[in-house]
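Given chain F's structure and the hints, the job is docking chains W and X onto it.
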Amino acid sequence: MTAWLVRRVAASIAIIFAVVTLTFFLMAVAPGEPLLGPDERQVPPEVRAELIRQWGLDQPAPVRYVKYLRQLARGNFGLSFSLHRPVADALAEAIPNTLLLAGAALLIDFLVGLGLGVYQAWRVHRLPDVVLSNVTLFLYSVPTFWLGLILLLVFGEWLGWFPVAGMSDPILCPTVSSFYCVMDRLWHLALPAATLGFVGAAGTARFQRAAMLEISAQDYIRTARAKGASEQRVVLRHQLRNALLSFITLFGLAFPFLLTGSVLIETTFAWPGMGRLATDAILRRDVPLVNAAVLLASTLVVMGSLLADVLLAAVDPRLRVRGTA
Amino acid sequence: MTLHAWFALLVALALAGWTVGTLRRRTARYEPGRRFFRHPTAAWGIGVLAFFVIVAVAAPLVTSYSPIVHNDIINLKNQPPSWSFILGTDVYSRDLWSRVAFGARISLKVGGLGMLVAVTLGTLVGAVAGYYRRWVDAVLMRGVDVGLALPRIFVLLIAIALFDRLGETVLILVIGLTSWFGTSRLVRAEVLSVRERDFVAAARAMGAGPGRVIFRHVLPNAAAPIIVAAALGIGNVLLLEASLSFLGIGVAPPKPSWGSMIADGVPYLATAPWTTLFPGLAIALVVMALNAVGDALREALDPRQEAM
Amino acid sequence: MTEPLLRVRDLKTYFVTEQGRGTARAVDGVSFELYPGETLGIVGESGCGKTVTSLSILRLIPEPPGHIRPGSVIEFAGRNLLTLAPSELRAIRGNQIAMVFQEPMTSLNPVFTVGDQIAEAAIIHQRLSRKAARARAIEMLTLVGIPDPAERVDHYPHQLSGGMRQRVMIAMALVCHPKVLIADEPTTALDVTIQAQILELLDRLQSELGMAVLLITHDLGVVAGQADRVVVMYAGQVVETARTTDLFDGPLHPYTEGLMAAVPRIDAPKSRLQAIPGQVPAATAWPSGCRFHPRCPHAWTKCTIEEPPLLGLGDGDHTARCWLVQEPGRRKPKT
Chain F
1 MTAWLVRRVA ASIAIIFAVV TLTFFLMAVA PGEPLLGPDE RQVPPEVRAE
51 LIRQWGLDQP APVRYVKYLR QLARGNFGLS FSLHRPVADA LAEAIPNTLL
101 LAGAALLIDF LVGLGLGVYQ AWRVHRLPDV VLSNVTLFLY SVPTFWLGLI
151 LLLVFGEWLG WFPVAGMSDP ILCPTVSSFY CVMDRLWHLA LPAATLGFVG
201 AAGTARFQRA AMLEISAQDY IRTARAKGAS EQRVVLRHQL RNALLSFITL
251 FGLAFPFLLT GSVLIETTFA WPGMGRLATD AILRRDVPLV NAAVLLASTL
301 VVMGSLLADV LLAAVDPRLR VRGTA
Chain W
1 MTLHAWFALL VALALAGWTV GTLRRRTARY EPGRRFFRHP TAAWGIGVLA
51 FFVIVAVAAP LVTSYSPIVH NDIINLKNQP PSWSFILGTD VYSRDLWSRV
101 AFGARISLKV GGLGMLVAVT LGTLVGAVAG YYRRWVDAVL MRGVDVGLAL
151 PRIFVLLIAI ALFDRLGETV LILVIGLTSW FGTSRLVRAE VLSVRERDFV
201 AAARAMGAGP GRVIFRHVLP NAAAPIIVAA ALGIGNVLLL EASLSFLGIG
251 VAPPKPSWGS MIADGVPYLA TAPWTTLFPG LAIALVVMAL NAVGDALREA
301 LDPRQEAM
Chain X
1 MTEPLLRVRD LKTYFVTEQG RGTARAVDGV SFELYPGETL GIVGESGCGK
51 TVTSLSILRL IPEPPGHIRP GSVIEFAGRN LLTLAPSELR AIRGNQIAMV
101 FQEPMTSLNP VFTVGDQIAE AAIIHQRLSR KAARARAIEM LTLVGIPDPA
151 ERVDHYPHQL SGGMRQRVMI AMALVCHPKV LIADEPTTAL DVTIQAQILE
201 LLDRLQSELG MAVLLITHDL GVVAGQADRV VVMYAGQVVE TARTTDLFDG
251 PLHPYTEGLM AAVPRIDAPK SRLQAIPGQV PAATAWPSGC RFHPRCPHAW
301 TKCTIEEPPL LGLGDGDHTA RCWLVQEPGR RKPKT
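Chains as they are written, first to last, in our numbering: chain F, 1 to 325; chain W, 1 to 308; chain X, 1 to 335.
Keep in mind that a hint or two might mislead.
[Unchecked claim] Below, computed lysine to aspartate or glutamate pairings styled on DMTMM-like, alpha-carbon distance capped at 25 angstroms:
1) Lys12/X with Glu307/X
2) Lys77/W with Glu157/F
3) Lys12/X with Glu50/F
4) Lys109/W with Glu196/W
5) Lys255/W with Glu157/F
6) Lys131/X with Glu103/X
7) Lys270/X with Glu307/X
Please keep in mind that the hints were generated in silico from the structure rather than gathered at the bench.
Excised from the complex, chain F in its bound form (with noise of 0.2 angstroms):
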């Protein structure tokens, strides 16, 4: 078992070596001469010339690629051409925005698809079922930024229940220094979390009504019930164990999803997080921030998929041990 992990976590490495040495090629064979994004025109070529040559960019690209990695080892992520600041920092501001964003929204998405997927599974094919399949096929097939604007529409603009933009109130709480902060900050969380977490729990509520229905079908269901089974064990105890692990599943592939969504809803939202940060600097050609934004979005899925595989491993019997069958 410890074998299999550490071969995973060795392969999980390789791979997000393997992207990011791919995106650093790619953003260097991009035309365009380097520090000429929109902010930079109006600097005199001399300064720039003198920039381009303190900073490597006149060198080849895979001198440049040795130096990245040789820096990168020593945790040095370079500086931000657009920002005129250490990538790091930047990142360090934006991360725990997108985390807190990702995560309410994982949340709902979660709770809200598991119950609607298995209370679905239950009364199938009755009227509440087939009303919860619409809206689920709805929900799942709108573009996730539209919902966003309809959503900012309804419950910001016309009922103002919500605020439009931002994460926080800049003048009463640029910082989390009060309850009326944490409120304040959860208010705004509302309706891009909400967003972003309904689309998320309807493909889940679709996935776990399918799992669930494929699970009642099974014959040690059946034995169950001969047994004297009530229904509610049936359900709650043999049922759901087992949509455990298509569950776990889910979870992995949630990732990559909410990479994509928060890009978009940070937009819309105007939510400062990782996704907008990395949306800009791959517009002004930021190729420091770039790199490194692509190196976290690339290890976030592959731990994900990592994660879900280790508790996949840890909760399915058949694949823990190895039997002697």
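Relative to chain F, chains W and X alone:
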């Protein structure tokens, strides 16, 4: 809207309905066909898709205005829906319905072709990996793992933004090239199981080469997940294209893309919500229809379906 | 005459097929009795309705698309199982009447240990504590002959061989010492050598625990070795019932004859295997008259019009659903 356009629109609706009916009748002979239409949403999905395809093809006929001409930038900008502009106008006083109709061309084209690239590539890689196994499989699947770990939206942003909008073809290619990884895994799994079946051994014993065995024997039996992946794939590509256009890259203006239309409407969300509402609704309807059709296909083609 | 433990009378279980292809009358008027301590074998090809019959007893038929017709009666301990309230039915399942299924791999829950699953019936019906239930599970594993029971009790189904899984299924069924054990093709999915072991086990347990066994199988050999009495089913009906010795000495129904002739015999001179011509008809369209008539070598006009009831030779024990019982002269000579 002019009378001709109204008439053409009604014809389009009727045609869509007729398509559903004919399809239903033609496939009633086959068990999967019957199973497909047993789904209440399947027929609806086909109808919606047919409608949008017809509108896209006959866009000049069902609209009365050009999608890119500013009609009257002073008086007619951001007008709510009315009899002349049935979905209203946008900030440049362009007819929203025309833009939605012509936008269907772009979205469906990018969606369809992008999915084609992705599914073709995914099927090829998956089939080769599943058929040859051993080191070919190992190498290919490691590549797929890397592909799946790529933060797709970032890669797309980089590829498209930095290389300056090189047009639709590149957009389609790049989306396709980053979307095939999941399909390849599916196909590989199917091929692995089909490959063990007796008829494959029989074909090889007959002297058939690997290409022939894969294309004529293995893949047709592995077709079900490929078809389902194709149907659902169009929807994913569509959403992706919309997201990219929303973020400001993707299809170049003034060509109407549903995603960029939504982005255009954002500053006027409060004052002219229809400019954001209708393009998004169009995307939602098409993707819903694609998902409904994909789900129904999955159940219809499932070989494990048996009557008691 | 002792009272029967289980009495099935005119059981009809129908299934609604999709797309209006009609109703499948899988079990169409089946009656039989099970006496204490005996083994009753139900024999027939696939599609004859024997499995559906066994599932109907404990009402394990999925309600859509199947349903048990009103008018069917399943009497057990003086009560009609088909009209019991769900909680009362549950008190009987696994407790007084238990069932062993055909496929031990899919019938065992993969995420629970073997011990948990065996103990479950005891926890449900006898409210044993976890510790006591575990001890009971180990007892049962010993009873069914599994080596190292104290270790095996914590194993998962996928860690056991097919034969051991079936023993676990049996242990699971017997944990509450039921009066009736329904065994649906308990050996079909196993190797021949393991088959013999399982059948021997069932035999031993039956005499030790004094229970009645309803043994469902398509294998005449199993029936010959295990059953005291036999019920032959075809097309959703009982077509012959008899004591095992009587059945094998002189079958009355042409279908039973056909079944026996189709078994290759090592002690008889080598001749062509005699298959029964034709195929089992679809449950949505049983033939008119005697349901076996399209495949019967002796059929005449009466057989195509009138469905025969179960007719006996007078000694009451041996009956067959065939007009030949009344008109043996119509029997065509063997070619």
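For a quick check of understanding: which of the numbered hints are violated here, in increasing order?
3, 4, 5, 6 and 7
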